[in-house]
Amino acid sequence: AQTVTQSQPEMSVQEAETVTLSCTYDTSESNYYLFWYKQPPSRQMILVIRQEAYKQQNATENRFSVNFQKAAKSFSLKISDSQLGDTAMYFCAFKGGETSGSRLTFGEGTQLTVNP
Amino acid sequence: KAGVTQTPRYLIKTRGQQVTLSCSPISGHRSVSWYQQTPGQGLQFLFEYFSETQRNKGNFPGRFSGRQFSNSRSEMNVSTLELGDSALYLCASSTRGQGEEAFFGQGTRLTVV
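Residue numbers (our numbering), protein chains in the order written: chain W, 1 to 116; chain C, 1001 to 1113.
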C-alpha cells in the first residue's frame, strides 16, 4: 500500500516571498503520478500541479514548481512570489498504476498562510 | 462546462438514520470517486465507480455503499449513522486515464447528532 507523508502541518510566508512545502511517499510501483492540490476555505479541491514519475524533468506551472526526487521518494512544492490567494490547505497526492484506477492517496495536508 | 455538483451541501442527521449523497460528474467523465475528509483522519478514499461498476474500495465498513447510474451520476449511502461519520464528503470525477486530473465537487458537510 502506498503512503504519503507531509511533515509540516502549518507554514506561513510573507507576501511576495518563496515557500517550499515538503512531501514524501512510499510505493513499490514504478509507474505512478504525483499531484499537489490546494483546498481554500471554500473547500473546493483544486489541482495545482502534477508530475509523471517517468519524467525526469520537474513540472512547473507559472509560480508553482516541484522538486521531484524519485530515488528519495520526495515531491516538494515551491511557490514563488506568494500571493494572499495562495492561503489554503495543500495536499500532496499519489496515484498508482492501472490497478489503482482513479484512487488518490493523500497526505495529511499543510495549512499555508500568506501574510500581507 | 459545468463542474462536479454535489448535493446537498449541508446535512444534519441523527444517529441511527441513513443518508444518501449525490454527485453529478463533469460531462463525459465516467469515473466517480468518493472521499471522506475529517480533521482526525484526513482525506480517505471510500470507493470508485466506473461504468456503473465499483472498481476500487477503501477500508470502510459495509454501512458505506454507493452506486452509479447510466448517466455516470453517483450516489453514496451511509446506513445506521454514527457520530464518527460526521465529515466532509467529497466526490471527484475523471476520465480515468493514466495521470488524468481528478476534478472535485465542493463537498457535502454531514453532521451526525
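Hints listed in this document are in silico derivations from the structure and should not be mistaken for laboratory results. Treat the hints with caution; some may be incorrect.
[What the hints assert, rightly or not] Mimicking SDA-like on lysine to any residue, the simulated pairs with C-alpha atoms at most 20 angstroms apart in a straight line are:
id, chain 1, residue 1, chain 2, residue 2
1, W, Lys-73, C, Lys-1057
2, W, Lys-55, C, Lys-1057
3, C, Lys-1057, W, Lys-78
4, C, Lys-1057, W, Val-13
5, C, Lys-1057, W, Phe-106
6, W, Lys-70, W, Gly-97
7, C, Lys-1057, W, Thr-99
8, W, Lys-73, C, Gly-1097
9, W, Lys-78, W, Pro-9
10, W, Lys-55, C, Gly-1097
11, C, Lys-1057, W, Gln-2
12, C, Lys-1057, W, Gly-97
13, C, Lys-1057, W, Lys-70
14, C, Lys-1057, W, Phe-68
15, W, Lys-70, W, Pro-9
16, C, Lys-1057, W, Pro-9
17, W, Lys-55, C, Glu-1101
18, W, Lys-55, W, Arg-43
19, C, Lys-1057, W, Gly-96
[Claimed, not checked] Covered by chain W, according to a simulated footprint, are these stretches of chain C (three or more residues, beta-carbon under 8 angstroms):
id, region
20, 1014 to 1023
21, 1032 to 1043
22, 1075 to 1082
If you're wondering where the values come from, they're calculated on a predicted model, not measured in any experiment. Cβ atoms here follow ideal geometry from the backbone N, Cα and C, with glycine treated the same way.
Q: Give me the numbers of the hints this structure contradicts, sorted from smallest to largest.
A: Violated hints: 1, 2, 3, 4, 8, 13, 14, 15, 16, 18, 20, 22; rest satisfied.
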